[in-house]
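Residue numbers (the UniProt record's numbering), protein chains in the order written: chain D, 1 to 699; chain E, 1 to 328.
Since the hints were made in silico from the structure, they are not lab data. Honestly, I wouldn't trust all of these hints.
Unchecked claim - A few chain E residues facing chain D, derived, Cβ under 10 Å:
{"id": "1", "residue": "K45"}
{"id": "2", "residue": "C46"}
{"id": "3", "residue": "E52"}
{"id": "4", "residue": "G54"}
{"id": "5", "residue": "S57"}
{"id": "6", "residue": "T194"}
{"id": "7", "residue": "D196"}
{"id": "8", "residue": "S224"}
{"id": "9", "residue": "K238"}
{"id": "10", "residue": "I242"}
{"id": "11", "residue": "N249"}
{"id": "12", "residue": "P257"}
{"id": "13", "residue": "C258"}
{"id": "14", "residue": "Q262"}
{"id": "15", "residue": "E269"}
{"id": "16", "residue": "M271"}
To be verified - Reference excerpt, derived from the structure (chain D facing chain E, CB under 7 Å, subset only):
{"id": "17", "residue": "Q8"}
{"id": "18", "residue": "C307"}
{"id": "19", "residue": "L331"}
{"id": "20", "residue": "V335"}
No experiment lies behind these values; they were computed from the predicted model shown. Here a beta-carbon is modelled for each residue, glycine too, at the ideal position from N, C-alpha and C.
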Amino acid sequence: MSSGPLVQFVAYSSAVEAIFWHTLSTRKIDLYKLDDTSHDILGHYFTGHTITSQHATEANISMPARLCLGIDAFDDTNSASFSRLPPFAYPSIGKIKNTNTIEDFKALDKAALFKEITEQIWQDIKSGEAVKNPYLLTRFLLVTFADLKKYKYHYWFGFPALITEPPWHVSENGEIKSIRDLWISSDIESFRENYDLFRQKQSCANAGFFLVKRSNSKEMIIGSLSEFDTFFEGCGSDEIVGFADPSSLPTNPGWPLRNLLVLLQRRWNIHKIKILCYREVPGKKDVSQTCILTVEIPETDTISDECPKGLGWEKNSQGKLAPRSVDLAHLMDPVRLADTSVDLNLKLMRWRIVPNLQLEKIRETKCLLLGAGTLGCYVARCLLGWGVRHITFVDNARISFSNPVRQPLFFFEDSLEGGKFKAQTAAENLKKIYPGSITEGHHINIPMPGHPVISESQVRSDIEKITQLIDSHDVIFLLMDSRESRWLPTLLGASMRKLVINAALGFDTYVVMRHGVKDLDFTSKSTGVSSSKMPEIKQLGCYFCNDIVAPTDSLKDRTLDQQCTVTRPGLSAIASAYAVELMVSVLHHEKGPAAPADTINDLSGSTDTSTSTPLGIIPHQIRGFLTNFNNMLIVGQAYDKCTACSDKISEEYKTNGFEFLKRVFDSPTYLEELTGLAKLHQESEAAGDFVWDEEDNEL
Amino acid sequence: MASIQSLFFGIREYLSPVLKNSKFKETGCITPEEFEAAGDFLVYKCPTWKWESGEVSKRRDYLPAEKQFLITRNVPCFRRVKQMEYTEEDSETQVETEDGEEAWVATHSGRVAANIEEIVQQIEGEDDEITKRMSSILIEPETEKEEVDIPDYDDIPDIEDVVEDDDPAALNTTSNVVATHDDGLSDKILQVRTYDVFITYDKYYQTPRMWLFGYDEHRSPLTSTQIFEDISQDYAKKTVTIEAHPHLNMSLASIHPCRHAQVMKKIIEKMNEEALKKFELLKQQYGNSPNAPQAEQAQVRVDQYLIIFLKFMSSVVPTIDYDHTISA
Numbered sequence: 001m002s003s004g005p006l007v008q009f010v011a012y013s014s015a016v017e018a019i020f021w022h023t024l025s026t027r028k029i030d031l032y033k034l035d036d037t038s039h040d041i042l043g044h045y046f047t048g049h050t051i052t053s054q055h056a057t058e059a060n061i062s063m064p065a066r067l068c069l070g071i072d073a074f075d076d077t078n079s080a081s082f083s084r085l086p087p088f089a090y091p092s093i094g095k096i097k098n099t100n101t102i103e104d105f106k107a108l109d110k111a112a113l114f115k116e117i118t119e120q121i122w123q124d125i126k127s128g129e130a131v132k133n134p135y136l137l138t139r140f141l142l143v144t145f146a147d148l149k150k151y152k153y154h155y156w157f158g159f160p161a162l163i164t165e166p167p168w169h170v171s172e173n174g175e176i177k178s179i180r181d182l183w184i185s186s187d188i189e190s191f192r193e194n195y196d197l198f199r200q201k202q203s204c205a206n207a208g209f210f211l212v213k214r215s216n217s218k219e220m221i222i223g224s225l226s227e228f229d230t231f232f233e234g235c236g237s238d239e240i241v242g243f244a245d246p247s248s249l250p251t252n253p254g255w256p257l258r259n260l261l262v263l264l265q266r267r268w269n270i271h272k273i274k275i276l277c278y279r280e281v282p283g284k285k286d287v288s289q290t291c292i293l294t295v296e297i298p299e300t301d302t303i304s305d306e307c308p309k310g311l312g313w314e315k316n317s318q319g320k321l322a323p324r325s326v327d328l329a330h331l332m333d334p335v336r337l338a339d340t341s342v343d344l345n346l347k348l349m350r351w352r353i354v355p356n357l358q359l360e361k362i363r364e365t366k367c368l369l370l371g372a373g374t375l376g377c378y379v380a381r382c383l384l385g386w387g388v389r390h391i392t393f394v395d396n397a398r399i400s401f402s403n404p405v406r407q408p409l410f411f412f413e414d415s416l417e418g419g420k421f422k423a424q425t426a427a428e429n430l431k432k433i434y435p436g437s438i439t440e441g442h443h444i445n446i447p448m449p450g451h452p453v454i455s456e457s458q459v460r461s462d463i464e465k466i467t468q469l470i471d472s473h474d475v476i477f478l479l480m481d482s483r484e485s486r487w488l489p490t491l492l493g494a495s496m497r498k499l500v501i502n503a504a505l506g507f508d509t510y511v512v513m514r515h516g517v518k519d520l521d522f523t524s525k526s527t528g529v530s531s532s533k534m535p536e537i538k539q540l541g542c543y544f545c546n547d548i549v550a551p552t553d554s555l556k557d558r559t560l561d562q563q564c565t566v567t568r569p570g571l572s573a574i575a576s577a578y579a580v581e582l583m584v585s586v587l588h589h590e591k592g593p594a595a596p597a598d599t600i601n602d603l604s605g606s607t608d609t610s611t612s613t614p615l616g617i618i619p620h621q622i623r624g625f626l627t628n629f630n631n632m633l634i635v636g637q638a639y640d641k642c643t644a645c646s647d648k649i650s651e652e653y654k655t656n657g658f659e660f661l662k663r664v665f666d667s668p669t670y671l672e673e674l675t676g677l678a679k680l681h682q683e684s685e686a687a688g689d690f691v692w693d694e695e696d697n698e699l
Numbered sequence: 001m002a003s004i005q006s007l008f009f010g011i012r013e014y015l016s017p018v019l020k021n022s023k024f025k026e027t028g029c030i031t032p033e034e035f036e037a038a039g040d041f042l043v044y045k046c047p048t049w050k051w052e053s054g055e056v057s058k059r060r061d062y063l064p065a066e067k068q069f070l071i072t073r074n075v076p077c078f079r080r081v082k083q084m085e086y087t088e089e090d091s092e093t094q095v096e097t098e099d100g101e102e103a104w105v106a107t108h109s110g111r112v113a114a115n116i117e118e119i120v121q122q123i124e125g126e127d128d129e130i131t132k133r134m135s136s137i138l139i140e141p142e143t144e145k146e147e148v149d150i151p152d153y154d155d156i157p158d159i160e161d162v163v164e165d166d167d168p169a170a171l172n173t174t175s176n177v178v179a180t181h182d183d184g185l186s187d188k189i190l191q192v193r194t195y196d197v198f199i200t201y202d203k204y205y206q207t208p209r210m211w212l213f214g215y216d217e218h219r220s221p222l223t224s225t226q227i228f229e230d231i232s233q234d235y236a237k238k239t240v241t242i243e244a245h246p247h248l249n250m251s252l253a254s255i256h257p258c259r260h261a262q263v264m265k266k267i268i269e270k271m272n273e274e275a276l277k278k279f280e281l282l283k284q285q286y287g288n289s290p291n292a293p294q295a296e297q298a299q300v301r302v303d304q305y306l307i308i309f310l311k312f313m314s315s316v317v318p319t320i321d322y323d324h325t326i327s328a
């Protein structure tokens, strides 16, 4: 009886390529469907070897003994197909059982499946099939549940090893040693060359288990297991059985040896044997890490025909007997892929052109689009292009037949049966374009000065909703088709210090502007305008600051061609694009909405490289004229008598809230009285030198 | 937008004619035929690399069906880049890269040039300088064990139907240190990150292109952020993109080839200069002997292209230990 220690084997670590799971998914969907019978799969393993990394400080780094599954695992598992295995790999055939539900996975009789494989191995050993095809000794089991919706895969490998009782021990003086310590270098070289030839002859399939002897001419001869009965004739004690050893530990052999030992004992009644653990550095013609050990078990008289117990479920990463799981959503979920691709496209800008681009800031910006018409649709698409996720629409109209051709978030179907609500439909369709967007639509009437309150409770609730929406967003886009509907959001935006971007269209003219907010850090020394020629500006104006009349019902007494925004069709896309780009530029300024305005009316002034933001200057207003295809950058100061953003108005709103608003809706002239505009009118009329004229359009 | 762009690239790739004449020394570019030749040479010299065919529907007709791209699998990656510190002035130049375009381009090309020196020296294999430099790379020991991200098994309650007896013959590999040698070194089974490394041919840039697919210590695929930890800071987030693999149905990290030709041209020029110098020396020694070496023999051959390319790439992904060494 040996006094040596127990032989301890290094178990396999499963190494499944992501592409395997991908293939399993497609096969499940296209091929297996609800069929959950098991299928053969082809795995492979390599011999282990310690690595001396040029970047590692420790010597002898051992990698786990990997059993790999790759893209080809599902193809035929006959020995002809082994040729497509990676170079230096050894085949291992397995069974995969993929359940339809997680419940099935839990309830599955795994022990029975494991036993089935164990018995197969035992049968192959008894019948001699494993002598002819020793790769059959490495059969394995894989039970899985593929959650195809979440791209999550639960799996559990079993690597059945037949238990030998009593177990194998290391023989006296037979402890594991490197062949470097046991053989002279010419032996090693001869072994390497002959094994290489043997492997080529076996075309890898059965090269994983073999016999080794020293010939009289001092050559190391390699033979296959099927030659066992005659191979060792006359070579005395130097009988060696070798196997391709996935273990890389210099101290322990790998898992495949267990079933090989069972085969040797059962088939040839072997109780003591010298084992060669073949380990190569792939492609480097280096087999010096190969080890040899001698193992033995006590002789027994009775050989049982009964299948021994099998062991070898893989433990999970916490070392417990439980399944493992892998989440491939970030690789396979199209929504997540769209997400990363959109960001990637934007990141390309950062490589060389704008290294300081604040994409994260843009991405996190929450945009409220008041108006889901032509302007709203274009603005939303342009925001998507910038990677903005959070886009909310507000509109009170339905989609009409004329809309889809000019409003790129709507389709013909949307205008059927009276038309769907614009805001909600815009949100739905935006999600179709980009499922990662966080978007919703609200059907709300924005109360307007000069449009008297009919249902007070309705108006109250509308105001409440709008206030709440403006509060919960970072940037407010005013994209409505009338000037008076912009009044309330202008007031609210100013009082909450939001960035308000306003776009309005005439027939062939447009204005895109941002509303100023008071710069709280403003000191008289810091100029509000970059150009020193300009007068100092404390706060930039809003849409209403240039007006000396209060907004009122502009749709009354107008003919149809005056009521609708009759515009050149390209105008809206141009203005929308400017609106979004203006927002992006402002976001790059440290003062945000309070950023001072730049003007470059000097067209040759491109020599000035010190722009306010990495993207260039930030204008206050862009007025464009399609007749001449030109733009003008205009800076306007906040007007202390402004009917929307002046202190008087915000004070009044703070003090009287809804009552104030209601009064304005009923009678907009109240705004003129409040701000002092009415007085101004009287004064100028008295002076007789002041003529004001309402503009035709919204400008 | 993205789909239009990729469609555009698809068409552009289709229209760009396969270069027939070897211009690799002048341009740094190679043709598909040259890619194939260089791939064969790589597989021959470094047999862990393998040709693959990929998805049938994604095959490119300018490469043989069974030689669409190259792959090497399970390449260990022991350390993160941030754990590697060069003793050079690298850190300084890296800070500058935060500045504008000019500074970045300047520092970047400076850095590449430095790498070229390294690469040339490595490939020439003629001096110990590089070995010295390599040994001067400081590796921070992993001081604190990183919090192992234990996967969440909540949705799988303990499955109790599998109960195994204790298996004394199975080595317990969870306790890391297995044996200690007389010299105090230990054998360990290290659970490390591994990478599958792919090289495809990029028809538009006419250069090889490297793709990385990483797995963490528990064999879960790495996210792009995690992969960036293994890419030199000069490149991560600047020329690394996550894109669909041209031959597989997967998205992978890829080192964008927009500057590959330029860099390869420089490296090859440098190597040829060195080779020419050596050749001149030899010629003097040989005199007019008929055995005198021919100038062409000293030049870089196009089939060595991928070996050189992999050296170049190893400066981009310095901790991924793929095989690119030519040995006997």
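Verification of the supplied hints:
1. Annotation: K45/E was flagged as interfacial toward chain D, and the flag holds, the nearest CB pair being 8 Å apart, inside 10 Å.
2. For C46/E, the shortest C-beta to C-beta distance to chain D is roughly 6 Å, which falls under 10 Å, so the interface hint holds.
3. The criterion of a C-beta within 10 Å of any C-beta in chain D is met by E52/E, whose closest approach is roughly 8 Å, and the hint holds.
4. Because the smallest distance between the Cβ of G54/E and any Cβ of chain D comes to about 8 Å, under 10 Å, the interface hint for this residue holds.
5. With a least beta-carbon distance of about 12 Å to chain D, the hint placing S57/E at the interface is violated under the 10 Å criterion.
6. The restraint placing T194/E at the interface with chain D holds, with a minimum CB-CB distance near 8 Å, inside the 10 Å limit.
7. Given hint, D196/E at the interface with chain D, holds; its Cβ is 7 Å from that chain's nearest Cβ, closer than 10 Å.
8. The criterion of a C-beta within 10 Å of any C-beta in chain D is met by S224/E, whose closest approach is roughly 7 Å, and the hint holds.
9. The interface hint given for K238/E is met, as the beta carbon of that residue sits about 5 Å from the closest beta carbon of chain D, less than 10 Å.
10. Residue-level restraint check for I242/E holds (minimum Cβ-Cβ distance to chain D is 5 Å; threshold 10 Å).
11. For the restraint placing N249/E at the interface with chain D, the shortest Cβ-Cβ distance is roughly 6 Å, inside the 10 Å limit, so the hint holds.
12. Because the beta carbon of P257/E sits about 13 Å from the nearest beta carbon in chain D, more than 10 Å, this interface hint is broken.
13. Among the interface hints, the one on C258/E holds; its C-beta lies about 9 Å from the nearest C-beta in chain D, closer than the 10 Å criterion.
14. Taken as an interface hint, Q262/E does not check out: its beta carbon lies about 14 Å from the nearest beta carbon of chain D, beyond 10 Å.
15. At its closest, the beta carbon of E269/E sits 24 Å from a beta carbon of chain D; the interface hint therefore is violated under the 10 Å criterion.
16. Against a cut-off of 10 Å between C-beta atoms, the interface hint on M271/E is violated, since the closest Cβ of chain D lies about 22 Å away.
17. With 7 Å as the threshold, the beta carbon of Q8/D comes within range of chain E, its nearest partner Cβ sitting at about 4 Å, so the hint holds.
18. A least Cβ separation of about 16 Å between C307/D and chain E goes past the 7 Å threshold, and the interface hint is therefore violated.
19. A least Cβ separation of about 6 Å between L331/D and chain E falls short of the 7 Å threshold, and the interface hint therefore holds.
20. Hint on V335/D is violated. Least Cβ distance to chain E is approximately 13 Å, over the 7 Å limit.
This entry does not satisfy hints 5, 12, 14, 15, 16, 18 and 20, going by the numbered hints stated previously.
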